[in-house]
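Those sequence lines, one after another, are chains A and B.
Position 275 of the first sequence, counting from 1, maps to 275 under this note's numbering, and the rest follow consecutively.
Position 64 of the second sequence, counting from 1, maps to 64 under this note's numbering, and the rest follow consecutively.
The hints are simulated quantities; they were obtained by calculation from the structure and are not laboratory data.
Keep in mind that the hints are not guaranteed to be accurate.
What the hints assert, rightly or not - Below 30 Å or equal to it, Euclidean Cα-Cα: the simulated DSS-like pairs (lysine-lysine) are:
no. : chain 1 : residue 1 : chain 2 : residue 2
1   : A       : LYS84     : A       : LYS128
2   : A       : LYS84     : A       : LYS237
3   : A       : LYS128    : B       : LYS60
4   : B       : LYS37     : A       : LYS158
5   : A       : LYS337    : B       : LYS37
6   : B       : LYS37     : A       : LYS84
7   : B       : LYS24     : A       : LYS84
8   : A       : LYS237    : B       : LYS37
9   : B       : LYS24     : A       : LYS86
10  : A       : LYS86     : A       : LYS158
11  : B       : LYS60     : A       : LYS185
Stated by the list, open to error - Facing chain B, from chain A, some residues (calculated, C-beta under 8 Å):
no. : residue
12  : ALA18
13  : ARG92
14  : GLY96
15  : MET99
16  : VAL100
17  : SER167
18  : THR171
19  : VAL299
Note that CB positions come from ideal geometry on N, CA and C, so glycine has one too.
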Amino acid sequence: MIVWRGTLAWHMGQLQSAERRVLSDWLIYCADPLGPVRERRPAAPIPLVHADHLIDQASAHGVICALLRHFPPFAEDTVFEPFKEKARSRHRDGLGWNMVLRSHGEAVMAEASELPVTVVKGPVFARKIYPEPAFRSYGDIDLLAAPQAVASLGEILKTHGFELVNSSPETDPQEWSWLHRENDKLLIEVQTDLVHAPSLRRAFSLTYDTIADDPQGPAALLLIALLHGALGQHYSKLQHIVDICQAVRALDGDSERRRFEILIERANTRFICVTGLELAGRILAEPRCLELARMLGSVRYGRLASLLIDRSVVMSTIGEGRWLHSWRRQAFRSLSKRNLRQLA
Amino acid sequence: MQKRGVNIEDMDGELILYHQGTRKSIHLNESAAVVWKLCDSQRTVQQIIDVLAEAYPDAKSRIQSDVWYSINGLMREGALRLLPPGSEKPKAEA
Chain A
1 MIVWRGTLAW HMGQLQSAER RVLSDWLIYC ADPLGPVRER RPAAPIPLVH ADHLIDQASA
61 HGVICALLRH FPPFAEDTVF EPFKEKARSR HRDGLGWNMV LRSHGEAVMA EASELPVTVV
121 KGPVFARKIY PEPAFRSYGD IDLLAAPQAV ASLGEILKTH GFELVNSSPE TDPQEWSWLH
181 RENDKLLIEV QTDLVHAPSL RRAFSLTYDT IADDPQGPAA LLLIALLHGA LGQHYSKLQH
241 IVDICQAVRA LDGDSERRRF EILIERANTR FICVTGLELA GRILAEPRCL ELARMLGSVR
301 YGRLASLLID RSVVMSTIGE GRWLHSWRRQ AFRSLSKRNL RQLA
Chain B
1 MQKRGVNIED MDGELILYHQ GTRKSIHLNE SAAVVWKLCD SQRTVQQIID VLAEAYPDAK
61 SRIQSDVWYS INGLMREGAL RLLPPGSEKP KAEA
């Protein structure tokens with residue numbers, strides 16, 4: 001993985017901004033698991049010399065499977081065959097790793113079934129909101145646990161070969177990192193709040209109790225996708241945007257939309273949800289995201305948030321663009337903190 | 001017969017198997033994936049060879065060795081086991 005990142009930085013350093021834009025256009029065009037919208041097909045083709053960059057970016061953004069399925073030259077142009085095979089190899093490695101993680105996660109959860117613990121993010125998104133699990137890669141297993149379950153869960157993890165390597169913050173841990181003794185890439189993270197930063201937790205939080213009545217239902221999944229994208233990763237991957245769109249598509253009917261609103265109020269996350277829905281709706285042209293954002297109503301600083309976090313910030317994850325846009329992510333984080341919990 | 005404890009992911013005609021016991025991932029290309037899918041406890045190895053030879057007559061001369069190569073490899077990795085002759089399950093009634 002470390003070698004991978006070095007290669008990515010070197011590749012991206014060679015592209016001009018117009019070339020990066022073409023790559024971004026194609027990644028966004030291909031990223032939707034339900035298939036691209038023909039009318040949005042980019043006019044400019046990807047030059048063969050940039051095909052490696054495209055694959056590297058797709059991997060970094062977590063959309064390599066979608067690229068394989070939807071990038072027209074992979075189906076139409078034999079000249080791209082070596083790059084298609086490279087993309088398949090990356091996708092195959094990711095799938096294999098997903099299977100390793102899933103196997104360990106399922107074994108742990110089978111023993112923890114009576115505890116107030118639920119798997120969140122990657123494996124659940126893959127299974128519940130994507131048309132095929134292969135579309136959603138993930139690098140670790142995240143567990144959201146009620147505080148009283150953490151000690152028992154720790155004992156279960158030990159019996160399955162995991163060792164505690166880190167807990168944070170030191171004074172009042174809310175997050176524990178467990179690595180497998182025989183594979184130091186195999187990570188299970190236990191959290192009691194999906195909002196990790198103590199300073200942000202003054203504004204909002206998402207604990208097991210917030211979603212306990214249906215932790216893997218559509219409303220909970222959408223809330224988690226929005227929080228994960230905004231706070232966990234500051235929208236650093238196109239995958240986060242796809243998660244939000246897929247979760248919105250899975251939110252079916254008025255009762256689920258009402259439940260989503262209830263969860264928003266419990267977690268005090270209206271700002272995060274409205275701005276995230278608007279962002280995903282604009283980037284992937286998914287009207288249901290925009291409709292849901294309108295239904296939730298406007299939020300203070302919403303307009304400023306849309307100027308800070310836009311397509312260019314999401315797609316600048318790799319290369320020098322990331323540093324140019326880091327101030328925008330920090331400013332968005334500051335805006336989020338201003339959304340202080342209302343006193344009763 | 002396909003062994004239990006094997007998770008399967010389909011990758012556009014190829015398969016990735018994950019054996020929970022050995023904690024190994026096994027990648028099957030398209031032809032090996034076809035062999036795997038035919039190992040359904042209802043066919044003998046010869047029947048699998050016959051099915052493939054009929055489907056791919058141009059490759060008939062290679063199919064027997066390819067099938068045995070795939071099956072032996074999968075057995076070595078613990079993803080398959082051969083049942084004694086006569087153990088094939090009858091096909092379910094429609």
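Report task. Below or equal to 30 Å on CA atoms is what counts here, so check LYS84 (chain A) against LYS128 (chain A). Result -> Distance ~28 Å between LYS84 (chain A) and LYS128 (chain A) Cα, so the pair holds.
Query - Satisfaction of the ALA18 (chain A) interface hint, Cβ to chain B closer than 8 Å - result: Result: violated, 33 Å to nearest chain B Cβ.
Query - Agreement of hint VAL299 (chain A) with chain B interface, Cβ distance less than 8 Å - result: Since the shortest Cβ distance to chain B is 40 Å, the answer is violated.
Report task. Starting from LYS37 (chain B), check that the Cα of LYS158 (chain A) is at most 30 Å away, please. Result -> violated (36 Å)
**Report entry** Restraint check, 8 Å cut-off on beta carbons, for GLY96 (chain A) near chain B
**Finding:** holds (4 Å)
Report task. Sort out whether LYS158 (chain A) lies within 30 Å of LYS86 (chain A), counting only the CA atoms. Result -> The hint is violated at about 37 Å.
Query - Pairwise hint evaluation, LYS37 (chain B) against LYS337 (chain A), where the allowed Cα distance is 30 Å at most - result: Status violated; Cα separation ~54 Å.
Query - Given hint ARG92 (chain A) near chain B, where the shortest CB pair must fall under 8 Å - result: Because about 6 Å separates ARG92 (chain A) from the closest Cβ in chain B, which is inside the 8 Å limit, the hint holds.
Query raised in the report: Given MET99 (chain A) was flagged as interface, is its beta-carbon under 8 Å from a beta-carbon of chain B?
Result: Holds, because the Cβ-Cβ distance from MET99 (chain A) to chain B comes to roughly 4 Å (cut-off 8 Å).
Query raised in the report: Is the Cα-Cα distance between LYS37 (chain B) and LYS84 (chain A) 30 Å or less?
Result: Distance of about 25 Å is within 30 Å: holds.
Query raised in the report: Is the straight-line distance between the alpha-carbon of LYS60 (chain B) and that of LYS185 (chain A) 30 Å or less?
Result: violated (44 Å)
Query raised in the report: Close enough to count: is the Cβ of THR171 (chain A) nearer than 8 Å to one in chain B?
Result: violated (37 Å)
Of the hints listed earlier, those the structure fails to meet are numbers 3, 4, 5, 8, 10, 11, 12, 17, 18 and 19, in rising order.
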